[in-house]
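Construct the complete structure from the given sequences, taking the supplied hints into account.
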Amino acid sequence: MEEKKEIKQEPLSNNNEPEVKNIVGVGKVIERSITQEMEQSYLDYAMSVIVARALPDARDGLKPVHRKILFTMGEMNLYSSSKSTKSAKIVGEVMGKYHPHGDTAIYDTLVRMAQDFSMSVPLVKGQGNFGSIDGDPPAAMRYTEAKLTAPSGEMLSDIDKKTVKYIDNYDGTLKEPSVLPSKLPNLLLNGAVGIAVGMATNIPPHNLSELCDGIIHLIDNPQSTTDDLMEFIKGPDLPTNGEIHGAEGIRNAYTTGKGKIIIRGQANIEESKRGLRIVISSIPYQVNKSDLITKIADLVKGKKIDGITDIRDESDKKEGVRIVIELKSASYPKKVLNKLFSLTPLQSAFHVNLLALIDGIQPRILTLGSALDEYIKHRQIVVRRRIEFDLTRAKERAHILEGLKKALNHIDEIITIIKKSANREDALKNLIAKFEFSEIQANAILDMRLSALAALERQKVDDELAEKLKLIKELEAILSDEKKILSIISDELKEIKSKYGFDRRTKIIKSELDSFKAEDLIPNEKTIVTITNENYIKRVPIDTYKKQARGGKGIVGMTPKEEDSVKEMVVTNTLDTIYFFTEKGRLFSTMVYGIPQASRQAKGQAIANLIQIGQDENVTTILTDTKDKLQDKKFFIIATKRGLIKKTKIEAYKNIRKSGLIAIKLRPDDKLRFATTSSGEDQIIMVSRKGQSILFDEKDARPMQRGTSGVRGIKLRESDDLISLDILSKDDTDSDLLTILENGYGKRTNISRNHPRQHRGGSGVKAVKTTVKTGLVVEASVVEGNEGDMIICSRHGQVIRISLKSVKKLGRDTQGVRLIRLNANDKTASVIHIIKDEIIETIDSGSPPIKPDNDEKHNKQSPSLHIRYYKDEK
5 MEEKKEIKQE PLSNNNEPEV KNIVGVGKVI ERSITQEMEQ SYLDYAMSVI VARALPDARD
65 GLKPVHRKIL FTMGEMNLYS SSKSTKSAKI VGEVMGKYHP HGDTAIYDTL VRMAQDFSMS
125 VPLVKGQGNF GSIDGDPPAA MRYTEAKLTA PSGEMLSDID KKTVKYIDNY DGTLKEPSVL
185 PSKLPNLLLN GAVGIAVGMA TNIPPHNLSE LCDGIIHLID NPQSTTDDLM EFIKGPDLPT
245 NGEIHGAEGI RNAYTTGKGK IIIRGQANIE ESKRGLRIVI SSIPYQVNKS DLITKIADLV
305 KGKKIDGITD IRDESDKKEG VRIVIELKSA SYPKKVLNKL FSLTPLQSAF HVNLLALIDG
365 IQPRILTLGS ALDEYIKHRQ IVVRRRIEFD LTRAKERAHI LEGLKKALNH IDEIITIIKK
425 SANREDALKN LIAKFEFSEI QANAILDMRL SALAALERQK VDDELAEKLK LIKELEAILS
485 DEKKILSIIS DELKEIKSKY GFDRRTKIIK SELDSFKAED LIPNEKTIVT ITNENYIKRV
545 PIDTYKKQAR GGKGIVGMTP KEEDSVKEMV VTNTLDTIYF FTEKGRLFST MVYGIPQASR
605 QAKGQAIANL IQIGQDENVT TILTDTKDKL QDKKFFIIAT KRGLIKKTKI EAYKNIRKSG
665 LIAIKLRPDD KLRFATTSSG EDQIIMVSRK GQSILFDEKD ARPMQRGTSG VRGIKLRESD
725 DLISLDILSK DDTDSDLLTI LENGYGKRTN ISRNHPRQHR GGSGVKAVKT TVKTGLVVEA
785 SVVEGNEGDM IICSRHGQVI RISLKSVKKL GRDTQGVRLI RLNANDKTAS VIHIIKDEII
845 ETIDSGSPPI KPDNDEKHNK QSPSLHIRYY KDEK
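With our numbering applied, the sequence shown corresponds to residues 5 to 878, in that order.
I should point out that these hints are in silico values taken from the structure, not numbers from a laboratory. Values in this document were obtained by computation on a predicted structure and should not be read as measured data. Ideal Cβ positions, reconstructed from N, Cα and C, are used throughout, including at glycine. Among the clues, some could well be false.
Okay, the calculated beta carbon distance ranges per label pair [unchecked claim]:
1) Glu655 <-> Gly815: 30 to 36 Å
2) Lys87 <-> Asp485: 55 to 61 Å
3) Gln384 <-> Lys423: 48 to 54 Å
4) Lys87 <-> Glu274: 42 to 48 Å
5) Glu655 <-> Val776: 45 to 51 Å
6) Asn133 <-> Pro545: 49 to 55 Å
7) Glu274 <-> Lys166: 56 to 62 Å
8) Asp231 <-> Lys166: 48 to 54 Å
9) Gln384 <-> Asp320: 44 to 50 Å
10) Ile419 <-> Ser491: 46 to 52 Å
11) Thr298 <-> Val30: 33 to 39 Å
Straight-line C-alpha distance at most 30 Å; calculated BS3-like pairs for lysine-lysine [as the list claims (entries may be wrong)]:
12) Lys669 <-> Lys694
13) Lys332 <-> Lys264
14) Lys87 <-> Lys32
15) Lys511 <-> Lys262
16) Lys381 <-> Lys332
17) Lys514 <-> Lys501
18) Lys238 <-> Lys277
19) Lys321 <-> Lys238
20) Lys169 <-> Lys511
21) Lys530 <-> Lys169
22) Lys424 <-> Lys530
23) Lys474 <-> Lys165
24) Lys381 <-> Lys501
25) Lys305 <-> Lys338
26) Lys734 <-> Lys777
27) Lys339 <-> Lys87
28) Lys410 <-> Lys488
29) Lys424 <-> Lys410
30) Lys694 <-> Lys511
31) Lys399 <-> Lys410
32) Lys277 <-> Lys530
33) Lys472 <-> Lys409
34) Lys488 <-> Lys474
35) Lys501 <-> Lys169
36) Lys339 <-> Lys662
37) Lys501 <-> Lys165
38) Lys662 <-> Lys734
39) Lys433 <-> Lys399
40) Lys694 <-> Lys530
Here it is in structure tokens:
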């Protein structure tokens, strides 16, 4: 059985010191609260990471491991003019003397300082495989060699003149610099990335020439603002080139120390023998090229990016990055490129966090101005210490020269004294006693050989002494005037720029880059939107319907479900906003591309899946941006089934909620039937189902608020209702009224000659003769000239496309001519007029047979049929 240990507890002290216990067989044990221990230990750990590992010093822009590597290489005399040595030897020296951590971490740091795609100005020149922008690992350290570059030599310049403070190494056997003299403004030049405890730094690289100019300007103008400095330092300059979009992001980063910068790779659309292709010539900073190509390939395979047939990496050391993306002939290059920017790292955000250590101890967020100030203050100290060192050496030499000058006057006596002295100490005493030399002067004389002492030339001593005295005077003058020290810093920066400066690599585009929207990634194509009486909606390409001769049977435009028929068709663009007016007086909107594309025969999707329409609510009118030219119009003109009309400013319908807006306040027995747009100076024509029409000046209808009922537009009989509302300009004399009747008949009638202008609210005149043969009016609209085609759609989905000029011009009281030969029990549903359409037709002329439907429901007149027009601006 294990022996129980005796515990002797010492009395607690009164000064809150940790409690100490003696445990037999163990010894003294300090008892302490775990909370206190965790707080203290974590604080110690955090400070160690912050100060000794993750954050750069604002003065030289280096983390401790970088500084130790460069200092060690300097000690090894591995400057740019020297021969390279094995990386393993460098790593071993660093690890053994100054950095007792893993060799892999040291080598990885050495490698990064040699990569021209990671550093704006590499500080190490590598020989061998030091990795690539594709993420390839470097060769093992036993194979590669390295030395300092010429710019990194400037980082160590004057380090031997006591310009920086030295501290003990990890075991106290050696001394290492706490900071490097750093002629280069390295913090901003090469940037830094590091994650500490509770904080992180992320500083992008900058252009050396711009930094030199900015610092010189700040020295000359200490009160310079961020905007002043940005006249010289335009923004980050990344080693991988690319483009930065948005000057505001740069300014925020420079003003506050934090900001988001949008970086894009450079890509151009080129023409080749195969067709168009996208060529990427640069990628964003810190993006792995191989991963980028893989990401693009995965998106193509996953069908998230369409239109790409091949991806090739043609990059090489001479030409740099070159990624070639071959495109399909029918693709939209700009849309493909937008998708690449949106879905891949070809566009990346760099989150700037300009955090650095002040005096190597205190972490602080810096602005552009304060970061440059820290560099200037550091260089002031370095230059002052260098001058003080040179001044001390000059004074020491001048003191010795003064002794030599005195010795020349008594050279023979001095030689005699030296010869007669028993030893060096005796000679030293004798010289000091005889000639009043200082100990330093006497030692300098004794250090010289007698032959050299005898050969001293007075003129050389006098010249050198005069030179030293002059130098002393100059150095003292500099130390007494801070402006002269600043002038030296400026001159050194000019020299640095002259030696190592280079042109900007990253293009800055000042305009802000809008965030990607879905429409940025979707081709703007012409399309036809159809709605059925049962509120099913779809869109199809416009070239689905081919042109036929007047009176033809057409093709099947859709195969609606049982007891359904086409109510409305509209030609528009995929990037348009489409507005839905319902019979209950509500208005909804969505994007055209959001409507599912379907085949010619498909019934489409229930419109309730697109907008929050009620189950017993039907769409009666649709408007779109392009077709109805909303950007050029001022008013919505809304008409009801009973002939009421309301004019309201379009801006009153902005910000349409998902649940819709009230477009018009309806009376109990009325429904919204039509909506269109006007300029405020137009004429309005209204047509009833039984062929009555009225033409009046738009100004007869005053503008009203959104929630009002409107005024009477046309006086209708109880058995009649409104079938059409349209607009024509005030001075229009050429336009015709196109009327289409249920049984496939139609005609054109000149409006100015056949329709007198009346006052709003009258019964109007006869626009078309309706008979049993022709049926009632289903659509009526204003058309201009003979150019263009019409697409006529029947309730059962039969579609024909005919030329407008084939429709005869007739008087008002006529029934028209046959335009489409309908199947039994089928009726005309809607018409689209396409002006100057140049789209090539690609559909098969064959179509499946149409079965007659004897259901009486299909013989009912559609309650809300409306004609729509689209003018192709091509």
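Hints, one by one, checked against the model:
Separated by about 41 Å at the C-beta atoms, Glu655 and Gly815 break the suggested range of 30 to 36 Å. Distance hint check for Lys87 and Asp485: the Cβ-Cβ separation is about 43 Å, which falls outside the suggested range of 55 to 61 Å. Checked against the given bound of 48 to 54 Å, the beta carbons of Gln384 and Lys423, roughly 52 Å apart, stay inside it. For the hinted restraint 42 to 48 Å between Lys87 and Glu274, the CB-CB distance of approximately 45 Å keeps it satisfied.
Distance hint check: the CB atoms of Glu655 and Val776 are about 47 Å apart, consistent with the given range 45 to 51 Å. Range check, Asn133 to Pro545: about 53 Å between beta-carbon atoms, so the 49 to 55 Å window is met. At about 59 Å, the beta-carbon gap between Glu274 and Lys166 stays in the expected band of 56 to 62 Å. Evaluation of the 48 to 54 Å hint for Asp231 and Lys166 yields a failure: the beta carbon distance comes to about 39 Å.
A hinted range of 44 to 50 Å holds for the C-beta pair Gln384 and Asp320, which are about 46 Å apart. About 48 Å separates the C-beta atoms of Ile419 and Ser491, a value consistent with the hinted range of 46 to 52 Å. Range check, Thr298 to Val30: Cβ separation about 58 Å, and the 33 to 39 Å hint is violated. For the given pair, Lys669 sits about 26 Å from Lys694 by alpha-carbon distance, which is consistent with the 30 Å threshold.
The hinted pair formed by Lys332 and Lys264 fails the criterion: a straight-line CA distance of about 35 Å is larger than 30 Å. The straight-line distance between the Cα atoms of Lys87 and Lys32 is roughly 57 Å, outside the 30 Å bound, and the hint therefore fails. For the hint pairing Lys511 with Lys262, the CA-to-CA distance comes to about 21 Å; that is within 30 Å, so the pair holds. This hinted pair does not check out: Lys381 and Lys332 have alpha carbons roughly 59 Å apart, beyond 30 Å.
The suggested pairing of Lys514 with Lys501 holds, with an alpha-carbon distance near 26 Å, which does not exceed 30 Å. Distance check on the hinted pair: Lys238 and Lys277 sit about 40 Å apart at the alpha-carbon level, beyond 30 Å; violated. A threshold of 30 Å between alpha carbons decides the hint, and for Lys321 with Lys238 the separation of about 28 Å falls inside it, so the pair holds. For the proposed pair Lys169 and Lys511, the alpha carbon gap of about 40 Å is over 30 Å, so the pair is violated.
For the suggested pair Lys530 and Lys169, the alpha carbons sit about 73 Å apart, so the restraint of at most 30 Å is broken. Our distance criterion of 30 Å between C-alpha atoms is broken by Lys424 and Lys530, whose separation comes to about 115 Å. Restraint check: the Cα-Cα separation between Lys474 and Lys165 comes to about 20 Å, which is no more than 30 Å; the hinted pair holds. Among the hinted pairs, Lys381 with Lys501 is consistent with the structure: their alpha-carbon atoms are about 20 Å apart, no more than 30 Å.
For the hint linking Lys305 to Lys338, the alpha-carbon distance of about 20 Å falls within 30 Å, and the restraint holds. This hinted pair does not check out: Lys734 and Lys777 have alpha carbons roughly 35 Å apart, beyond 30 Å. Proposed proximity of Lys339 and Lys87 is contradicted: the alpha carbons are some 52 Å apart, above 30 Å. The straight-line distance between the Cα atoms of Lys410 and Lys488 is roughly 35 Å, outside the 30 Å bound, and the hint therefore fails.
Pair hint Lys424 plus Lys410 holds up; C-alpha atoms about 20 Å apart against a cutoff of 30 Å. A threshold of 30 Å between alpha carbons decides the hint, and for Lys694 with Lys511 the separation of about 67 Å lies outside it, so the pair is violated. In summary, the hint linking Lys399 to Lys410 is supported, as the alpha carbons are separated by about 17 Å, within the 30 Å threshold. For the suggested pair Lys277 and Lys530, the alpha carbons sit about 28 Å apart, so the restraint of at most 30 Å is met.
At roughly 14 Å between alpha-carbon atoms, Lys472 and Lys409 fall within 30 Å of each other, so this suggested pair holds. For the hint linking Lys488 to Lys474, the alpha-carbon distance of about 17 Å falls within 30 Å, and the restraint holds. Distance check on the hinted pair: Lys501 and Lys169 sit about 27 Å apart at the alpha-carbon level, within 30 Å; holds. Using a Cα cut-off of 30 Å, the hinted pair Lys339 and Lys662 holds, with the two alpha carbons roughly 28 Å apart.
Taking the CA atoms of Lys501 and Lys165, the gap is near 24 Å; set against the 30 Å cutoff, the hint holds. Note on Lys662 and Lys734: the hinted pairing is violated, with a Cα-Cα distance of about 36 Å set against a maximum of 30 Å. Taking the CA atoms of Lys433 and Lys399, the gap is about 23 Å. The hint holds against a cut of 30 Å. For a cut-off of 30 Å, the pair hint linking Lys694 to Lys530 is broken: about 34 Å separates their Cα positions.
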